[in-house]
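Q: Read off the chains here:
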Amino acid sequence: EAQVTQNPRYLITVTGKKLTVTCSQNMNHEYMSWYRQDPGLGLRQIYYSMNVEVTDKGDVPEGYKVSRKEKRNFPLILESPSPNQTSLYFCASSLSGPYGYTFGSGTRLTVV
Amino acid sequence: AQSVAQPEDQVNVAEGNPLTVKCTYSVSGNPYLFWYVQYPNRGLQFLLKYITGDNLVKGSYGFEAEFNKSQTSFHLKKPSALVSDSALYFCAVRDNGRDDKIIFGKGTRLHILP
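Each protein sequence line maps, in turn, to chains A and B.
Just so you know, we're using my numbering here: the first sequence kicks off at 114 and counts up by one.
Just so you know, we're using my numbering here: the second sequence kicks off at 38 and counts up by one.
The hints are simulated quantities; they were obtained by calculation from the structure and are not laboratory data.
Treat the hints with care, since some could be wrong.
[Said to hold, decoys possible] According to the in silico footprint, chain A covers these stretches of chain B (three or more CB under 8 Å from chain A):
id : segment
1  : 81–87
2  : 137–151
[As the list claims (entries may be wrong)] The calculated label-pair distances, taken between Cβ atoms and stated as ranges, are:
id : chain 1 : residue 1 : chain 2 : residue 2 : range
3  : B       : D91       : A       : N141      : 29 to 35 Å
4  : A       : P196      : B       : S107      : 42 to 48 Å
5  : A       : N164      : B       : G134      : 17 to 23 Å
6  : B       : G53       : A       : N197      : 40 to 46 Å
7  : B       : E45       : A       : L124      : 30 to 36 Å
8  : A       : S193      : B       : E101      : 45 to 51 Å
Here a beta-carbon is modelled for each residue, glycine too, at the ideal position from N, C-alpha and C.
Taking the hints into account, I'd like the entire structure generated from these sequences.
A: In structure tokens:
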């Protein structure tokens, strides 16, 4: 089944403890992106990648890192999480460019 | 600046009635427009897109959207609503200043009343 897989689905962590949210797609998509969803703000793009070893900042990149060493994987790294990063995170991929995304099921992160 | 607006936070429709979820946009050049749906505890799912061609675009689950260039709108429609259509709907537009990016609206919650 064609899909984007995110892990974990739920995560509660403490301020400052480094964490990684994994994202993997099995569709050979070139374009991958991370979004956060907050009430009243819709979806905001954190980082995106147009291909392997190519990443760029979205609208809200502060406090996040990404890497794209392989085509299928696009992990999101929070080096020192803070409470304002409590949010619902989505990974998405598409064949080329952000047209007709396939989204993962989301990761609900709580930073206390 | 490129932008997309969904003027209604919530829309309530009785089951069986037609539904409309509104979206307006502001972009330079030709717009690429999208609708996504998010069911509870799920990721977003792609419904339909307009890039060029017929102003009436048909998508998944019986939804369609009408592109209106003069009104800069791309409203989502369905002739007869189902309770299972209750979800959060997002309109999105390509940022023509950066065509590797799309901008999402804030979302409209659709409640279909039995």
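Q: Give a verdict on every hint.
A: For each hint, the structure was consulted:
{"no.": "1", "hint": "81–87", "verdict": "holds (count 4)"}
{"no.": "2", "hint": "137–151", "verdict": "holds (count 7)"}
{"no.": "3", "hint": "B:D91 / A:N141: 29 to 35 Å", "verdict": "30 Å, holds"}
{"no.": "4", "hint": "A:P196 / B:S107: 42 to 48 Å", "verdict": "46 Å, holds"}
{"no.": "5", "hint": "A:N164 / B:G134: 17 to 23 Å", "verdict": "21 Å, holds"}
{"no.": "6", "hint": "B:G53 / A:N197: 40 to 46 Å", "verdict": "44 Å, holds"}
{"no.": "7", "hint": "B:E45 / A:L124: 30 to 36 Å", "verdict": "33 Å, holds"}
{"no.": "8", "hint": "A:S193 / B:E101: 45 to 51 Å", "verdict": "46 Å, holds"}
When held up to the earlier numbered hints, the structure conflicts with none and fits them all.
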